[in-house]
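Student: Below, each chain spelled out in residue letters.
There are 2 protein chains.
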Amino acid sequence: MIVRYANHTSLAAVSDSSLAIVLRRSPRGLPEESDFAMVEQPLGEAGDVLVAVEWLAMDPYLRVQLAGRHLAPPIKEGEVIPGQGVGRVVASRLPERFPVGSWVVGALGWRERGWLFADAILPFRFPEEVPLPARLGALGMPGLTAWAGLNKAGLRAGEVLLISAASGTVGLVAAQLGKARGAWVVGISSAAKLEALSAFGFDALLARDHPDFRIRLGEALPSGFDVYFDNVGGSVLDAALDHLRRGARVILCGMIAQYNSDERPAGPNLGRVIAARASLHGLVVYDHLGEHEAFLAEVLPLWRSGQLRVPEQIHRGLEQAPRAFCALMRGEVLGRALVEVAGHA
Amino acid sequence: MIVRYANHTSLAAVSDSSLAIVLRRSPRGLPEESDFAMVEQPLGEAGDVLVAVEWLAMDPYLRVQLAGRHLAPPIKEGEVIPGQGVGRVVASRLPERFPVGSWVVGALGWRERGWLFADAILPFRFPEEVPLPARLGALGMPGLTAWAGLNKAGLRAGEVLLISAASGTVGLVAAQLGKARGAWVVGISSAAKLEALSAFGFDALLARDHPDFRIRLGEALPSGFDVYFDNVGGSVLDAALDHLRRGARVILCGMIAQYNSDERPAGPNLGRVIAARASLHGLVVYDHLGEHEAFLAEVLPLWRSGQLRVPEQIHRGLEQAPRAFCALMRGEVLGRALVEVAGHA
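Sequences listed follow chains H and P, in order.
Position 199 of the first sequence, counted from 1, bears residue number 199 in this note's numbering, the numbering being contiguous throughout.
Position 255 of the second sequence, counted from 1, bears residue number 255 in this note's numbering, the numbering being contiguous throughout.
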């Protein structure tokens, strides 16, 4: 239910209250407008800076916060939606850091005005020429996200960069930065947006909602990808993992595929990996055979001193190998199962 | 079906044939002894070195190779099982690299003797004091696997190290090396092995087959883990991901949980991450807010030149925010959705 007020800007300029949009009820599945309500709220007095909001940005992560699954605290019913925005300081208890008239960015909230604490906002340090919308988009937090992700992935010229949710701000910036850095860029989006996306320099574009998506992904990545910038998780991530090049890096940045769902997806929950800034590394021992001397230098002293011990379950005779192997696969072995072949027929 | 031969060692020493264990039929689920057969085979002439096998090691990865899902080529019916072993060179066409009487290690195969190519074997460089079984275990490939994994994870003193399949050779070496490096080590194994494992210095041990495993894992990791050495995948990996500390590293080394299954597990297939030596990294933009100047230094020139563009969908008036957000979550936005608040009541 949206309550509309006429002439509320003049009211905001003089009164001790502000219009704000609050959570009316937690969305189930896709959010609806009736999950929100516009109300008039007293400004209160708690906070360092009174900010007049000029622009608000719509971010998918708010959906996760509404569900109580984000890093930031959950949004409760009746609370102002804590969306990102830019605004101007209209009153300040920290005038040196936040002088009246200066610009700030942060989770200002869906409201006209509000008192905010200093730790929730940052002063703008943008060149004057950059318009406010760009400060909230390509040159703001989503752009920084794309840039930081490509840096973390160590994208190099000539590599193949795959991007999901390629039509979002993060995806679009990642794609164009990737091209500028000399990568071959493959984008994934919904079929409805592919035509519009074709103007943004992608080397290939794929519809995730096409019935042959998995086949087409393989055709677009004949030798796999080096970097996957993943904003969606779910089945698209799963399909992408079929095309990892050796040494590929996957940046887990968002899980839009599951934002609207109350169900936890099947299998390992990689959303936790994002929240923890964790990393998962595939290990194949063959890559380390050349390090055997360094390995022995560390473990041999431990082995000699008895600090390193592994029980051995020894079977005598080649013909025992199948039995030994089957027992191992039934989980019956502690330590190492070995077969002594020579001299034990 | 195992065919037993009497007195075959003397036969092997003189004849042009060797006893060998071949795959009789591809196992379904848990392998059974009847999936293998012992046969007498001609030695043939192809190869650089004739090796007499002395010891064979039983490795879980062979199960994956039997299913045709390993990095190494699948094992076909009628082929010798290509298990790891140590043996002695009894004839050599490369006598400088592999003199007769010298030791070699590699996938020698489940057989008494066989011709092998030089690229499939390595000469031993072990101190004489190390007995052959240890060369195939704690001080061999599984030990190297554990050591390389802890190195890749960058385990530091004082960190919490979690290990699955803690009763296997890789797990036991990882645990004892972890203790030697000053970590707090938590092991996961089947309940049947916990008592025997208690002699190996673990700080805590957990039964993965206990009905309260997930609860107990949380109790054993009150502030999470820094490094998880994962040998099993599946539901244990999934449970572990609930306890990632910030900046945690997961080493994906094996997926025993799914080795005996023909079914592909639900969710993202992390087995591919192992094969590709790939890495997955969680990204949270908040960690990068301090890099904003460096970000602008790269993107602002691109933005100025028009190489970086993001379409903006601008809504006028605070009351439009719910509509703008709901459209975003329905996937209807290309680029950035913004609400202009000031001056648009």
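Hints may be right or wrong, so weigh each one.
You can't tell identical chains apart in this list, so a pair holds if it fits in one copy or across any two.
As the list claims (entries may be wrong) - Below 25 Å or equal to it, Euclidean Cα-Cα: the simulated SDA-like pairs (lysine to any residue) are: (1) Lys-152 / Lys-179; (2) Lys-193 / Glu-332; (3) Lys-193 / Gln-307; (4) Lys-179 / Ala-294.
Hints were generated in silico from the structure; no laboratory data involved.
Student: Now look at each hint and say whether the structure bears it out.
Tutor: Checked hints:
Taking identical chains as interchangeable, the C-alpha atoms of Lys-152 and Lys-179 lie at most 25 Å apart only when both belong to the same chain, with a minimum of 17 Å there against 31 Å between chains. For the identical chains of this complex, Lys-193 and Glu-332 are inter-copy neighbours only, at 9 Å across copies versus 55 Å inside a copy, given an alpha-carbon limit of 25 Å. Taking the shortest alpha-carbon separations for Lys-193 and Gln-307, only the inter-copy value of 20 Å comes in at or below 25 Å, while the best intra-copy value is 61 Å. In this homomeric assembly, Lys-179 and Ala-294 come within 25 Å of each other (Cα to Cα) only across copies, at 18 Å, whereas the closest approach inside a single copy is 41 Å.
Against the hints set out earlier in the document, no violation occurs for any number.
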